[in-house]
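Order-wise, the sequence lines are chains A and B.
Following my numbering, the numbering of the first sequence begins with 302 at its first residue and continues without gaps.
Following my numbering, the numbering of the second sequence begins with 302 at its first residue and continues without gaps.
These are calculated hints, taken from the structure and not from any lab test.
Heads up, a few of these hints could be off.
What the hints assert, rightly or not - Estimated spans, in silico, between C-beta atoms of each pair:
| hint | chain 1 | residue 1 | chain 2 | residue 2 | range |
| --- | --- | --- | --- | --- | --- |
| 1 | B | R612 | A | K471 | 28 to 38 Å |
| 2 | A | E472 | B | V507 | 22 to 32 Å |
| 3 | B | K471 | A | R461 | 49 to 59 Å |
| 4 | B | E535 | A | K526 | 25 to 35 Å |
| 5 | A | D429 | B | G562 | 19 to 29 Å |
As the list claims (entries may be wrong) - Quick list of in silico lysine-lysine cross-link-like pairs, DSS-like style, CA-CA up to 27 Å:
| hint | chain 1 | residue 1 | chain 2 | residue 2 |
| --- | --- | --- | --- | --- |
| 6 | B | K528 | A | K580 |
| 7 | A | K644 | B | K503 |
| 8 | B | K432 | A | K560 |
| 9 | A | K580 | B | K426 |
| 10 | A | K668 | B | K560 |
| 11 | B | K648 | B | K503 |
| 12 | B | K616 | A | K616 |
| 13 | A | K644 | B | K616 |
| 14 | B | K528 | A | K526 |
| 15 | B | K560 | A | K426 |
| 16 | A | K528 | B | K526 |
| 17 | B | K503 | A | K560 |
| 18 | A | K426 | B | K580 |
| 19 | B | K560 | A | K441 |
| 20 | A | K503 | B | K560 |
| 21 | A | K386 | B | K580 |
| 22 | A | K528 | B | K580 |
| 23 | A | K616 | B | K644 |
| 24 | B | K668 | A | K560 |
| 25 | A | K668 | A | K479 |
| 26 | B | K644 | A | K503 |
| 27 | A | K580 | B | K526 |
| 28 | B | K580 | A | K526 |
| 29 | A | K580 | B | K580 |
| 30 | B | K397 | B | K426 |
| 31 | B | K560 | A | K432 |
| 32 | B | K441 | A | K560 |
| 33 | B | K526 | A | K526 |
| 34 | B | K426 | A | K560 |
| 35 | B | K386 | A | K580 |
Unchecked claim - Partial list, computed: chain B residues near chain A (C-beta under 10 Å):
| hint | residue |
| --- | --- |
| 36 | F427 |
| 37 | E505 |
| 38 | S508 |
| 39 | G509 |
| 40 | K522 |
Everything numeric in this text was worked out from a predicted model, so none of it was measured.
Think of the CB as a built atom: it goes at the ideal place given N, C-alpha and C, for glycine as much as any other residue.
For reference, the chains in residue letters:
There are 2 protein chains.
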Amino acid sequence: MDRNGVMEGELEGKEMNKCVEEEVSHLALDIGGSLIKMVYFCVSNNCSVHQGILSSKGSCGLSNGNANCSVLKGKLHFLKFETTKINECLEFLSSKQFHRNGGYCHGDCASDKNIIKATGGGAFKFADLFKEKLGMTLDKVDEMDSLVAGANFLLKEASREAFTYMDGQKEYVQIDQKDLYPYLLVNIGSGVSMIKVDGDGKFERVSGTSVGGGTFLGLGKLLTKCKSFDELLELSHSGNNRVIDMLVGDIFGGMDYSKIGLASTAIASSFGKAVSEDKDLEDYRAEDVARSLLRMISNNIGQIAYLNALRFGLKRIFFGGFFIRGHAYTMDTISVAVNFWSKGEAKAMFLRHEGFLGALGAFMSYKEDGLTDLMAHHFVEQVPIKPSLCAGGSLNNSSILEDVNENGSIECTVQLSN
Amino acid sequence: MDRNGVMEGELEGKEMNKCVEEEVSHLALDIGGSLIKMVYFCVSNNCSVHQGILSSKGSCGLSNGNANCSVLKGKLHFLKFETTKINECLEFLSSKQFHRNGGYCHGDCASDKNIIKATGGGAFKFADLFKEKLGMTLDKVDEMDSLVAGANFLLKEASREAFTYMDGQKEYVQIDQKDLYPYLLVNIGSGVSMIKVDGDGKFERVSGTSVGGGTFLGLGKLLTKCKSFDELLELSHSGNNRVIDMLVGDIFGGMDYSKIGLASTAIASSFGKAVSEDKDLEDYRAEDVARSLLRMISNNIGQIAYLNALRFGLKRIFFGGFFIRGHAYTMDTISVAVNFWSKGEAKAMFLRHEGFLGALGAFMSYKEDGLTDLMAHHFVEQVPIKPSLCAGGSLNNSSILEDVNENGSIECTVQLSN
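Input sequences plus hints: build the corresponding full structure.
Right, dumping it as structure tokens:
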């Protein structure tokens, strides 16, 4: 672990419980329709506690330079579970003994024991389950509030968070904090939310679509018998959408429809070739089906996002959510869609911590600890040691990042130093 | 046949060639990715030919009141063929002996023999085939030009062409010709074109989507083994999309997400429930799959159409194309989407002759005959005698109109009287 740096990624494989012996202070959940995203902070045992640093046993409430408080030094962990396997999440929490030590105020904090911040629809749906199984109360944080807080934090504090992706080229974007707003945040989870962000806590959900990550995996499972999102993405990587999509050239006998700017290779009708071909599902390669599906959904989201950006005169569109997973083709398709429809005026940008905006936002809502301010001053990003293993931390052009360990967890760390 | 009326619909079943003995004057084609739409005009043998009426053997060129010309009296027929079965179309043309008598100028017109107006990508793709098999030249008319010409004609001349459809209620809309423009024309064929129309011949294709009728049938065939569009629509009629779609309530434990105005019954993720359920395609009812698919596509088109209408400040959106087929649920979903996203500001409207805009527009381009002017003065709509059998001629709320005969043809008639 780099003691000077502040953000690194590393894969722990089956060592998910490595942190068990470390002190856990804060934890937040984003319980979505398909995935539970978790962000938690571990105080490193081997880190010294300096003056001005929030003691792991100390009182809550902190401001910079306040000698009564201490700054936590440790790691921010990012994990995910499938929502249908919520028991794994409960077991993990149980193994961490959060339910004994208090949800976020580690040790003997008098109040708020056994309370954890949670966002997403599942914070409502599973509230009773958490209470019953772990004696924990989920302190609900609004989903849109959380997404925006998480995105704002990352865009302002992490220097290599946002990037463009086009024609296989990834380019980090330097965000000018004074010129960040307004922007459009497109969070692609099971469904898609589109939020116009005007400042800290200033936003409006202006649109969305039900054609999102849940559609990709839901339809993908029915069409290809793939069992997981990553398997389906992997499959799409070697597919050819032209086998099933009807292209402009298929209708025009190989010609462009140049008068309206449609190239012969443009998709005229997604899955349109399946209309006229006398083939059953089994006659198509699963790879090609997956590719057409990915392209249809990515294109559609890119288009609706652009139309909403246009509506409000927004030049910057940031895409987050677990649908993307640093997948080159997905990002490329979204970028091309935004570029095509905006005639080059708008650019799609992606976020390295794409899937954890909501969970991070919920985590940031532990304001009484001053954690937000603290992180904002000390969250300095560093190139991950094993970049391809860190969520969104792609530094190469490989199509699928090996960012998921066998337990389906992702881990990146944030080290807070004074 | 009503001799006073001017538009009627009747199903001829296998009697598609009934018109063979009548004189055919003009014919136009719209050859799309999935369907060939045909409009042709038959001069009725039992109609007298008046002065001021274009004689079936007479010279071309006509203006009102010009005693040198005559007005045709007869029927305008609407037919469709599957593009993959283009031979059926060629056989039909052959049986009509268009290729001997001249494409549109029946009889011994000196020029333009064996030429027929054609639009759609297939006018390019199949040009050689028509030449080779029938000796016919396809005179290509731009697709967008044709769609707009067809829509403008119908909206201005047919009194019961446009209607709204909401909550099972169909309401005809009285179009004020002076206040028709601008409007958004959404033509849903295999793919979808969205055209901002500002006047006769004044328009711009501003958007489109590849998620259209070809996607519905293409994906539908793969998922349900249905063979035809109408079979798939029929199936969807008895389906329940909630079985496979992930609703807001599924994520929120039955609750609304009221803060952002999403009811518990709103679709959060199309096909999203298939993600978590341990079911194969065979475990779902084809009806439910078809319903989810129809809703996903209709919703999506409605949303993108609305966003484009908003972009240009257009209050009126007319939907055409063969995707709709007077299907109640399709229209209802599109209407709800437009209503939802526009907060009641915009209204979706549908066209009775939805599928034939392009073919009709190509037909109208026989300007040298003065046919356009003629029709504009004499095309007076009448309630069809068998409304449920006429394209778009629904007067009841039945979900699927029996508008297709065994040969896949639709017929409506326009009788031109002086």
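Outcome of the hint check:
no. : hint                        : verdict
1   : B:R612 - A:K471: 28 to 38 Å : holds (31 Å)
2   : A:E472 - B:V507: 22 to 32 Å : holds (30 Å)
3   : B:K471 - A:R461: 49 to 59 Å : holds (57 Å)
4   : B:E535 - A:K526: 25 to 35 Å : holds (27 Å)
5   : A:D429 - B:G562: 19 to 29 Å : holds (26 Å)
6   : B:K528 - A:K580             : holds (10 Å)
7   : A:K644 - B:K503             : holds (22 Å)
8   : B:K432 - A:K560             : holds (25 Å)
9   : A:K580 - B:K426             : holds (23 Å)
10  : A:K668 - B:K560             : holds (22 Å)
11  : B:K648 - B:K503             : holds (22 Å)
12  : B:K616 - A:K616             : holds (26 Å)
13  : A:K644 - B:K616             : holds (25 Å)
14  : B:K528 - A:K526             : holds (22 Å)
15  : B:K560 - A:K426             : holds (16 Å)
16  : A:K528 - B:K526             : holds (22 Å)
17  : B:K503 - A:K560             : holds (15 Å)
18  : A:K426 - B:K580             : holds (23 Å)
19  : B:K560 - A:K441             : holds (13 Å)
20  : A:K503 - B:K560             : holds (15 Å)
21  : A:K386 - B:K580             : holds (16 Å)
22  : A:K528 - B:K580             : holds (10 Å)
23  : A:K616 - B:K644             : holds (25 Å)
24  : B:K668 - A:K560             : holds (22 Å)
25  : A:K668 - A:K479             : holds (23 Å)
26  : B:K644 - A:K503             : holds (22 Å)
27  : A:K580 - B:K526             : holds (10 Å)
28  : B:K580 - A:K526             : holds (10 Å)
29  : A:K580 - B:K580             : holds (23 Å)
30  : B:K397 - B:K426             : holds (23 Å)
31  : B:K560 - A:K432             : holds (25 Å)
32  : B:K441 - A:K560             : holds (13 Å)
33  : B:K526 - A:K526             : holds (17 Å)
34  : B:K426 - A:K560             : holds (16 Å)
35  : B:K386 - A:K580             : holds (16 Å)
36  : F427                        : holds (7 Å)
37  : E505                        : holds (9 Å)
38  : S508                        : holds (7 Å)
39  : G509                        : holds (8 Å)
40  : K522                        : holds (6 Å)
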